[in-house]
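Place chains B, C and D on chain A using the hints.
There are 4 protein chains.
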Amino acid sequence: MNVHKQIEKFKKQHENRGRLLIHCPDKPGIVASVSTFLKDFGANIIESNQFSTDPSGGSFFLRIEFDCPYLVNKMEKMLSSFSDIANQFSMSWTLTRVSDVKKCAVFVSKELHCLQELLWEWQSGELMIDIPLVISNHLDAKEVVKSFGIPFYHIQSSRDIRKQVEQEQLKLLNQYSVDFIVLARYMQILTPEFVEQHPNQIINIHHSFLPAFVGAKPYERAFKRGVKLIGATSHYVTNDLDEGPIIEQDIERVDHRQDVEGLKVIGRKIERNVLAQAVKWHIEDRIIVFKNKTIVF
Amino acid sequence: MNVHKQIEKFKKQHENRGRLLIHCPDKPGIVASVSTFLKDFGANIIESNQFSTDPSGGSFFLRIEFDCPYLVNKMEKMLSSFSDIANQFSMSWTLTRVSDVKKCAVFVSKELHCLQELLWEWQSGELMIDIPLVISNHLDAKEVVKSFGIPFYHIQSSRDIRKQVEQEQLKLLNQYSVDFIVLARYMQILTPEFVEQHPNQIINIHHSFLPAFVGAKPYERAFKRGVKLIGATSHYVTNDLDEGPIIEQDIERVDHRQDVEGLKVIGRKIERNVLAQAVKWHIEDRIIVFKNKTIVF
Amino acid sequence: MNVHKQIEKFKKQHENRGRLLIHCPDKPGIVASVSTFLKDFGANIIESNQFSTDPSGGSFFLRIEFDCPYLVNKMEKMLSSFSDIANQFSMSWTLTRVSDVKKCAVFVSKELHCLQELLWEWQSGELMIDIPLVISNHLDAKEVVKSFGIPFYHIQSSRDIRKQVEQEQLKLLNQYSVDFIVLARYMQILTPEFVEQHPNQIINIHHSFLPAFVGAKPYERAFKRGVKLIGATSHYVTNDLDEGPIIEQDIERVDHRQDVEGLKVIGRKIERNVLAQAVKWHIEDRIIVFKNKTIVF
Amino acid sequence: MNVHKQIEKFKKQHENRGRLLIHCPDKPGIVASVSTFLKDFGANIIESNQFSTDPSGGSFFLRIEFDCPYLVNKMEKMLSSFSDIANQFSMSWTLTRVSDVKKCAVFVSKELHCLQELLWEWQSGELMIDIPLVISNHLDAKEVVKSFGIPFYHIQSSRDIRKQVEQEQLKLLNQYSVDFIVLARYMQILTPEFVEQHPNQIINIHHSFLPAFVGAKPYERAFKRGVKLIGATSHYVTNDLDEGPIIEQDIERVDHRQDVEGLKVIGRKIERNVLAQAVKWHIEDRIIVFKNKTIVF
Numbered sequence: 001m002n003v004h005k006q007i008e009k010f011k012k013q014h015e016n017r018g019r020l021l022i023h024c025p026d027k028p029g030i031v032a033s034v035s036t037f038l039k040d041f042g043a044n045i046i047e048s049n050q051f052s053t054d055p056s057g058g059s060f061f062l063r064i065e066f067d068c069p070y071l072v073n074k075m076e077k078m079l080s081s082f083s084d085i086a087n088q089f090s091m092s093w094t095l096t097r098v099s100d101v102k103k104c105a106v107f108v109s110k111e112l113h114c115l116q117e118l119l120w121e122w123q124s125g126e127l128m129i130d131i132p133l134v135i136s137n138h139l140d141a142k143e144v145v146k147s148f149g150i151p152f153y154h155i156q157s158s159r160d161i162r163k164q165v166e167q168e169q170l171k172l173l174n175q176y177s178v179d180f181i182v183l184a185r186y187m188q189i190l191t192p193e194f195v196e197q198h199p200n201q202i203i204n205i206h207h208s209f210l211p212a213f214v215g216a217k218p219y220e221r222a223f224k225r226g227v228k229l230i231g232a233t234s235h236y237v238t239n240d241l242d243e244g245p246i247i248e249q250d251i252e253r254v255d256h257r258q259d260v261e262g263l264k265v266i267g268r269k270i271e272r273n274v275l276a277q278a279v280k281w282h283i284e285d286r287i288i289v290f291k292n293k294t295i296v297f
Numbered sequence: 001m002n003v004h005k006q007i008e009k010f011k012k013q014h015e016n017r018g019r020l021l022i023h024c025p026d027k028p029g030i031v032a033s034v035s036t037f038l039k040d041f042g043a044n045i046i047e048s049n050q051f052s053t054d055p056s057g058g059s060f061f062l063r064i065e066f067d068c069p070y071l072v073n074k075m076e077k078m079l080s081s082f083s084d085i086a087n088q089f090s091m092s093w094t095l096t097r098v099s100d101v102k103k104c105a106v107f108v109s110k111e112l113h114c115l116q117e118l119l120w121e122w123q124s125g126e127l128m129i130d131i132p133l134v135i136s137n138h139l140d141a142k143e144v145v146k147s148f149g150i151p152f153y154h155i156q157s158s159r160d161i162r163k164q165v166e167q168e169q170l171k172l173l174n175q176y177s178v179d180f181i182v183l184a185r186y187m188q189i190l191t192p193e194f195v196e197q198h199p200n201q202i203i204n205i206h207h208s209f210l211p212a213f214v215g216a217k218p219y220e221r222a223f224k225r226g227v228k229l230i231g232a233t234s235h236y237v238t239n240d241l242d243e244g245p246i247i248e249q250d251i252e253r254v255d256h257r258q259d260v261e262g263l264k265v266i267g268r269k270i271e272r273n274v275l276a277q278a279v280k281w282h283i284e285d286r287i288i289v290f291k292n293k294t295i296v297f
Numbered sequence: 001m002n003v004h005k006q007i008e009k010f011k012k013q014h015e016n017r018g019r020l021l022i023h024c025p026d027k028p029g030i031v032a033s034v035s036t037f038l039k040d041f042g043a044n045i046i047e048s049n050q051f052s053t054d055p056s057g058g059s060f061f062l063r064i065e066f067d068c069p070y071l072v073n074k075m076e077k078m079l080s081s082f083s084d085i086a087n088q089f090s091m092s093w094t095l096t097r098v099s100d101v102k103k104c105a106v107f108v109s110k111e112l113h114c115l116q117e118l119l120w121e122w123q124s125g126e127l128m129i130d131i132p133l134v135i136s137n138h139l140d141a142k143e144v145v146k147s148f149g150i151p152f153y154h155i156q157s158s159r160d161i162r163k164q165v166e167q168e169q170l171k172l173l174n175q176y177s178v179d180f181i182v183l184a185r186y187m188q189i190l191t192p193e194f195v196e197q198h199p200n201q202i203i204n205i206h207h208s209f210l211p212a213f214v215g216a217k218p219y220e221r222a223f224k225r226g227v228k229l230i231g232a233t234s235h236y237v238t239n240d241l242d243e244g245p246i247i248e249q250d251i252e253r254v255d256h257r258q259d260v261e262g263l264k265v266i267g268r269k270i271e272r273n274v275l276a277q278a279v280k281w282h283i284e285d286r287i288i289v290f291k292n293k294t295i296v297f
Numbered sequence: 001m002n003v004h005k006q007i008e009k010f011k012k013q014h015e016n017r018g019r020l021l022i023h024c025p026d027k028p029g030i031v032a033s034v035s036t037f038l039k040d041f042g043a044n045i046i047e048s049n050q051f052s053t054d055p056s057g058g059s060f061f062l063r064i065e066f067d068c069p070y071l072v073n074k075m076e077k078m079l080s081s082f083s084d085i086a087n088q089f090s091m092s093w094t095l096t097r098v099s100d101v102k103k104c105a106v107f108v109s110k111e112l113h114c115l116q117e118l119l120w121e122w123q124s125g126e127l128m129i130d131i132p133l134v135i136s137n138h139l140d141a142k143e144v145v146k147s148f149g150i151p152f153y154h155i156q157s158s159r160d161i162r163k164q165v166e167q168e169q170l171k172l173l174n175q176y177s178v179d180f181i182v183l184a185r186y187m188q189i190l191t192p193e194f195v196e197q198h199p200n201q202i203i204n205i206h207h208s209f210l211p212a213f214v215g216a217k218p219y220e221r222a223f224k225r226g227v228k229l230i231g232a233t234s235h236y237v238t239n240d241l242d243e244g245p246i247i248e249q250d251i252e253r254v255d256h257r258q259d260v261e262g263l264k265v266i267g268r269k270i271e272r273n274v275l276a277q278a279v280k281w282h283i284e285d286r287i288i289v290f291k292n293k294t295i296v297f
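Residue numbers (this note's numbering), protein chains in the order written: chain A, 1 to 297; chain B, 1 to 297; chain C, 1 to 297; chain D, 1 to 297.
Be a bit skeptical, because a hint or two may be false.
[Claimed, not checked] Derived DSS-like pairs: lysine-lysine, alpha-carbon spacing no greater than 30 Å straight-line:
(1) B:Lys39 / A:Lys291
(2) C:Lys171 / C:Lys74
(3) D:Lys224 / A:Lys291
(4) A:Lys217 / C:Lys280
(5) C:Lys142 / A:Lys146
(6) D:Lys27 / C:Lys280
(7) C:Lys39 / D:Lys77
(8) B:Lys142 / D:Lys293
(9) C:Lys9 / C:Lys163
(10) D:Lys293 / C:Lys280
(11) B:Lys142 / B:Lys280
(12) C:Lys9 / A:Lys146
(13) C:Lys77 / C:Lys27
(14) C:Lys142 / C:Lys5
(15) A:Lys280 / B:Lys293
(16) A:Lys280 / A:Lys217
(17) D:Lys224 / A:Lys224
The set of hints was computed from the structure by calculation and includes no laboratory data. What you are looking at is a predicted structure, and each value in this text was computed from that prediction instead of being measured.
Bound-form chain A, shown alone (with noise of 0.2 Å):
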C-alpha cells in the first residue's frame, strides 16, 4: 500500500477522534469542567495525562484524546464552547482534529541519515505526516528526495544572503501551507525572525547529548574528552543556540576503539532516532513547552 493510500485509510480511521491539549494555573475543578465539556458533546475520552507542577499554586498541564461522533461536524460549536471554560481557567489550548494531518517540511544539508529515517517510516506508514517540500542548501538529497515523490528545492546559503534566503523559504512554507519544520541536520542558523514566527514549530537535531557540546563539532571534542557515551538530542529551536526545550535525549556506549569517524557511525544512528520520536511526539500532540523545558505526555 502506497503512503498516501495509508495516510488516506488513517484519516478515515480517525475522523472522529480529537485532541485537547490544555496549559493554564492549577486550581480545583479543571478537570470536572473539561470532562463534563467532553461529555456534554457525546466524546468518550481515550487517553488522558495531566500534570501539576506543584499542588499550591502551581501550573496545571493536560492532554487527552477522545473520540467524538460526527466531530467534523461538531467542531465548530465546541472550539467556540470550549472557549468559554478556557477563558475562566486562563488556558492556554489546543482542540484539534486527528485527522487534520500536519503538514512538515523538512530542511536539510549534506548529511542524509536523519532525512532519510524520516523519509522511511513516513513512506512505511509509522510517522503519519504530509512532507509536501524538502529545502536544502546543498544538492546531495535531490534525488532521494525526488525518489519519494517529494518537490526539492534547492536554496543556496551563505552568512550574507540569510535574509533573502528565508525569504524564499518563508514563501515556499506559506504556499504549502506548512505546520511545522524538521532540520534534519540543517547545518544553518536561523535568524531570530524567522525563529519567532514559527515558535514551538522548529525541531532540531543537535549531535550531542546536550547541554554537554554545544555548537559545532561536538564528535570531535567528545573524542578529545573521552566520553564513554555518546548522544544526541532533539529539541525545539529558539534564539539561543542548542539552547531551546528538549524534547528527547539518547546515548550510545563508546570506548577507546572508536575515532572520530566511528564515533560519527554510532552517532547517526543514536541521530536518527532521536529525532523521529521527537517528530512522532509532536504530530501527536504530545508535547507542551513550559518555561524552557517540555512536558512530554
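Using the frame of chain A, we list chains B, C and D on its own:
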C-alpha cells in the same frame, strides 16, 4: 533523621493526599463523573493517568492523585459517596489515603542483596513503607535485619511441612497487619491457598528476563545459551510459576568473558533495582492488574 | 562518492591489513609463537584480543589484526608457514586479507526494514561488503533492490518445493561466489542440507529476545505475556530453530500503551540495528563460534 | 563466610596470577618480545587485550593477565628481566601479582550511598580490596563504617585549613600503606600538591554526565535545563575540576514528573553503580591513562 521520623514527616506532609484507582468497562462520562465527585469534595487533582484498551467496548483504567483539605474527616463520606458512582459504571476501585503507609513483610532465604537494597532504600527514606517484620527459612539475614531494628522470624521450611510453615507465616502477617509481601529471593514455592489469600499482594523477583529461563538456575541456563543480555523480572505471584503479571524488567549487557559467577554478580544489581522499582510502584498505587498483565501509571 | 568507489578506496587503504583468527586448546606459548611468526614476516599488530575459557586445560581464542607491507605477495608463504604452527597447537584458524571484501547474499520476504537498513548502511559506506544479489520468495523488495543497482531474484517458495527452491538458490550463490548469507526477515525454514553447507555463514534476525518467544509470532506473544521490554536477536542459523549461536541482542522498553502493532513498530528498529551490528562483526572476522556460543572480539 | 576469609581465599586462588600493563610507542615486535618473555618464565596467557591508536607511529597499549607457577619466587627476576625489554621499547609498564590486593582509602562527606555501595560489595566479596580506613569531614558515616569493622577518621575540614587537613590525611594514608583513594561523594576540593602525589590514584564520582554540568549542583541544573536523561561520571582526579580522565559513565531516563529531589533519588543509583564499576576496573588493572583519556581493557 531516622527512618521513623521521616515516615512521620511524610505522613504529616501528605495527610490531605488521596489516590483513586479505577478499572471498569469503558463508556462515555466516567471521567466527568469522577472529576465532578472530586470537585464536589473540594479536591484538587495533582496527577491523573487514564488508559483505554480499545475505544469501542474496551476496558477503562484511571489513576488519580489528589489533594483534599480535611481528607481524614471526609474519607468516610467520600467512600460511601463514590460507591454510587462505582456501581453505576461497574467499577473495581480503591480510594486510599497516601498517609496510610503500607505495611510490608519481606520473605528472604540465603541471598541477601535484594533484602539489603530494600532495607537501605527504606532507611534513606526513599521507600515509604513500614517493614514490621522479615521472615526467613534461614538464619543468614538475621544479623542485618536486627541491625535495622526490625523483628526477624526464622521459620524453617521444607516441602513436607509447607502448610504448617505457612500457618505460622499467616499468623505473623495477621499479627502485624501486613498489607503486602515481598519475596526478596525467597526460594520457596507458596501453596495455592497462601497465594489466593493475597491476590496482587505478593511481589516476587525472578532472576531472568521472563519468559526466558522460567524456573530454576536461570543464570546457569543463560550462560549455557550464550545470551548477550541478562535480566531480572519482578511480578505478582500467581499459582503458575513465574507466570504472574510482570511489573518491571531490566537487563544488562554481558559477553563471553563472564562465567556463571560473573553473570550472577551483574545480575544481582539488576535484581536489586528491578525489585525496588516494583515495590515503589506498588506502594504508590500505580499498578492495575488486568488479564494477567499490568498497567503501570 | 558512490559505494563502489568507496569499496575500492577501502581496499586500497587496507591492502596490507590482515586478520588472524585462532581457536585451539589452551597451552603456554601460543601467543609467543604467533607473534613471533608475525614479526618474522614484518607485520605490526594493530589490535589483538585473546580469551581463555579456563586457565587449566581450557580453550584458547585469539583475534589479531595486523599491518604487513607487501601482504599480497607474502600471503601464500604466510599461509603455508602458519600451517606448521597451527598443526603444533591443533588450531582451527583463518588468515585473511581485509581487502578481500566479503560477498553477501541477502534473503528477504515481505518485511523490508532489515533489508533497507543493510542497503542503506552499505550505500553510505558503513557496511564494507559486496551485495551481489538479493533473493526473495516475494516481489515486495524488487523495486528497492533494483534502485540500489543490485540484481534481484524472485524464487517462489513453498514447503513442497523447498529442495528445488534451494537448488536454484545454491546455484545463484555459487554463480556469484557468495561468502555468507543474511536472512533479513526471510520467513522460510531452510533444509538441514542447505544449512550444513554454510556453517556459521548464515545470519538470521529473530524478532524476540531469545530464548524468549522462540518460533512464530513473537510480538503477539510478547503482547499477551505483558513484557516490559521487547527485543531482537541475531544468530547463526543451525538446524535447531532459533537455537543457533547468538551474535547480538538488544531491547527497548515498552508499556501497556502499545498494542501488537505498536510493539512491531518499536521492534523493527531493534531488529534493524541488531542485524546490522551482527553483520558488521561477521565481516570484520570478530566472531568465533564455540559450543553453540559466540566469542565476539 | 566473612570478608577477610574471602580475601584470603582469593589470594590463595590467585597466587600464581600476574598482570602486565604496557604503554609505549608502537613498533613491530612488541607482542613477540613480551609473549616470549612470558613463555620463557613458564607463564600461560589467560586474557590479553591490545590497542594501537594508529598503525603508523601511534601509541601501543597492552594488558596481559597470566598464570605462572611459583610466581612469588620468580617475581624479582621477572621484574628485572622485563626492564630490559621495557627499555628497548621505551615502555611505561607495571607487572603486578593479583594476590597483592590493593589498599583503598575511602573519603566521604555527608551523602553515604556511594560509600555504602562500596562497603556492601566489599563485604559480599565482589570488590576484592582492603579498606584499611575511611576518612570524613563529617560524622554521618561513622556508625555505618564502624559496623563494618573499619577504622573511621573524622578530620574536620574547611577552605582555610585545607593544607593542615591534608597533612593529617597524608599521614594516615602513609600509615596504612594506601594504594589508591576513592572520593565517594567527598565534597571537598583537594590541593594540587595532594593530587600530584597520587597520579591516577584518586577516583572521584561526579553526579552528572560530564562534560555536562561541571561543578556544583548538577541535579538542580539538570532540572532547570529539562534534560531527559541524567547521569554520573567516575574519573581520575586531576587539578582541573571535573576534567580528569573519564573511567565510566552511565545514565537513566527521567521526565517532567521528577523534581530536583526525584532526580537525586534516581541519580544516587547511577552514582553507586558507576563508581563501583570504576573501582572494579581500577583494582583489576584494566585502566591505562593516555592524553587525559582512559583505555579500559
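The hints, checked one at a time:
1. Between Lys39 of chain B and Lys291 of chain A the alpha-carbon distance is near 28 Å, which keeps this suggested pair within the 30 Å criterion.
2. Taken as a hint, the Lys171 of chain C and Lys74 of chain C pair is broken in the structure, with Cα atoms around 33 Å apart against an allowance of 30 Å.
3. A C-alpha spacing of about 9 Å is found between Lys224 of chain D and Lys291 of chain A, which places the hinted pair at or below 30 Å, so the restraint holds.
4. Taken as a hint, the Lys217 of chain A and Lys280 of chain C pair is honoured in the structure, with Cα atoms around 26 Å apart against an allowance of 30 Å.
5. At most 30 Å may separate the alpha-carbon atoms for a hinted pair to count; Lys142 of chain C and Lys146 of chain A meet this at roughly 19 Å.
6. For the given pair, Lys27 of chain D sits about 28 Å from Lys280 of chain C by alpha-carbon distance, which is consistent with the 30 Å threshold.
7. Our distance criterion of 30 Å between C-alpha atoms is met by Lys39 of chain C and Lys77 of chain D, whose separation comes to about 26 Å.
8. With a C-alpha separation of about 45 Å, the suggested pair Lys142 of chain B and Lys293 of chain D falls outside the 30 Å cut-off, and the hint is violated.
9. A distance of roughly 40 Å separates the Cα atoms of Lys9 of chain C and Lys163 of chain C; the hinted pair therefore is violated under the 30 Å criterion.
10. Straight-line distance between C-alpha atoms of Lys293 of chain D and Lys280 of chain C comes to about 26 Å, which keeps the hinted pair within the 30 Å bound.
11. Of the pairs offered as hints, the one joining Lys142 of chain B and Lys280 of chain B holds, with about 24 Å between alpha carbons and a cut-off of 30 Å not exceeded.
12. Restraint check for Lys9 of chain C and Lys146 of chain A: satisfied, since their Cα atoms lie roughly 29 Å apart, inside the 30 Å limit.
13. Taken as a hint, the Lys77 of chain C and Lys27 of chain C pair is honoured in the structure, with Cα atoms around 26 Å apart against an allowance of 30 Å.
14. Taking the CA atoms of Lys142 of chain C and Lys5 of chain C, the gap is about 24 Å. The hint holds against a cut of 30 Å.
15. Restraint check: the Cα-Cα separation between Lys280 of chain A and Lys293 of chain B comes to about 26 Å, which is no more than 30 Å; the hinted pair holds.
16. Proximity of Lys280 of chain A to Lys217 of chain A is assessed by CA-CA distance (about 27 Å); at most 30 Å being required, the pair is judged to hold.
17. Restraint check: the Cα-Cα separation between Lys224 of chain D and Lys224 of chain A comes to about 27 Å, which is no more than 30 Å; the hinted pair holds.
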